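A.B. asks: Chains as they are written, first to last, in the numbering used here: chain A, 1 to 138; chain B, 139 to 276.
Since the hints were derived computationally from the structure, they do not count as laboratory data.
Small disclaimer: the values here were computed from a predicted structure and weren't measured.
One or more hints might be untrue.
Just a few of them, taken from the derived set where beta-carbon distance is under 10 Å, the chain B residues facing chain A [said to hold, decoys possible]: (1) H166; (2) V168; (3) Q192; (4) A204; (5) A206; (6) H211; (7) A251.
Backbone N, C-alpha and C define an ideal beta-carbon position, used for all residues, glycine too.
2 protein chains.
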Amino acid sequence: MTASEARRRFAAAPVARLATADGAGRPHLVPIVFAVAGDTVLSAVDDKPKRTTQLRRLRNVAENPAVALLVDHYEEDWSALWWVRADGTARVLVPGGDDAVAAVALLSERYAAYARRPPRGPVLAVAVSRWSGWRAAE
Amino acid sequence: MTASEARRRFAAAPVARLATADGAGRPHLVPIVFAVAGDTVLSAVDDKPKRTTQLRRLRNVAENPAVALLVDHYEEDWSALWWVRADGTARVLVPGGDDAVAAVALLSERYAAYARRPPRGPVLAVAVSRWSGWRAAE
Chain A
1 MTASEARRRF
11 AAAPVARLAT
21 ADGAGRPHLV
31 PIVFAVAGDT
41 VLSAVDDKPK
51 RTTQLRRLRN
61 VAENPAVALL
71 VDHYEEDWSA
81 LWWVRADGTA
91 RVLVPGGDDA
101 VAAVALLSER
111 YAAYARRPPR
121 GPVLAVAVSR
131 WSGWRAAE
Chain B
139 MTASEARRRF
149 AAAPVARLAT
159 ADGAGRPHLV
169 PIVFAVAGDT
179 VLSAVDDKPK
189 RTTQLRRLRN
199 VAENPAVALL
209 VDHYEEDWSA
219 LWWVRADGTA
229 RVLVPGGDDA
239 VAAVALLSER
249 YAAYARRPPR
259 GPVLAVAVSR
269 WSGWRAAE
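Take these sequences, add in the hints, and give me the full structure.
C.D. replies: Spelled out as structure tokens, the structure:
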């Protein structure tokens, strides 16, 4: 699968999984909702600031910015399987800064639940260095 | 969510995502089909032996056995969201050994595609040290 096809499939999905790792290399995994802007994947933490400072994905990114994101499609008919992955580097956007505000606007356009109640926590931006993917029918 | 509820939901899902990290802590992410036996998650590589020795999930596990596995459920109605995670340590079972043969039998019971054509590659066993999860309605 080409990088542009992988990016297109990724951007169209409603949910992805974010893998981070701490400074010792121990992986962590959570599902995220997101928006894609160019080669950046944006997601937000929808929680109170006090709790989010303890969130493992944010602690991990501070220790180790390398991350991977995955979107996959499963069916019982394995000839219909596909997945796409985005490998990159994550950072937390400056709270209240232009980039964070623009990211929340994008997320709120994409998800009705965010439109009703925008996320209040930190915004994570992943600069994707590689879009890759696989599909069974190839 | 209790550990036993997280384990139950995990075991019932058809697909999970496996996060590994290399020796430098760079995460890697792939979808897997799997079977749960007690507190072990079993998956197999369905590929030619030559190619699988180059597979990044296997290289990573050799360098760093810490892994995380995720099953998640998405709906537009966010009150129905849930996810479960298994954190643990992975190892490759001895090819052709009793454990590997039993794992392939379990996988073939669970997936029709494996029943027709059992996986030929290495079997990965993750000893789960922690089952955890979250659901929106909690």
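A.B. asks: Each hint needs a verdict: does it hold in this structure or not?
C.D. replies: Hints versus structure:
1. H166: Hint holds; B:H166 Cβ to chain A Cβ min 6 Å, cut 10 Å.
2. V168: Cβ of B:V168 sits 7 Å from chain A, so the hint holds.
3. Q192: violated, 15 Å
4. A204: Constraint on B:A204 satisfied, holds at 4 Å.
5. A206: It holds, given that the least Cβ distance between B:A206 and chain A is near 4 Å, below 10 Å.
6. H211: holds, 9 Å
7. A251: holds, 5 Å
The structure does not agree with numbered hint 3 stated previously, though it agrees with all others.
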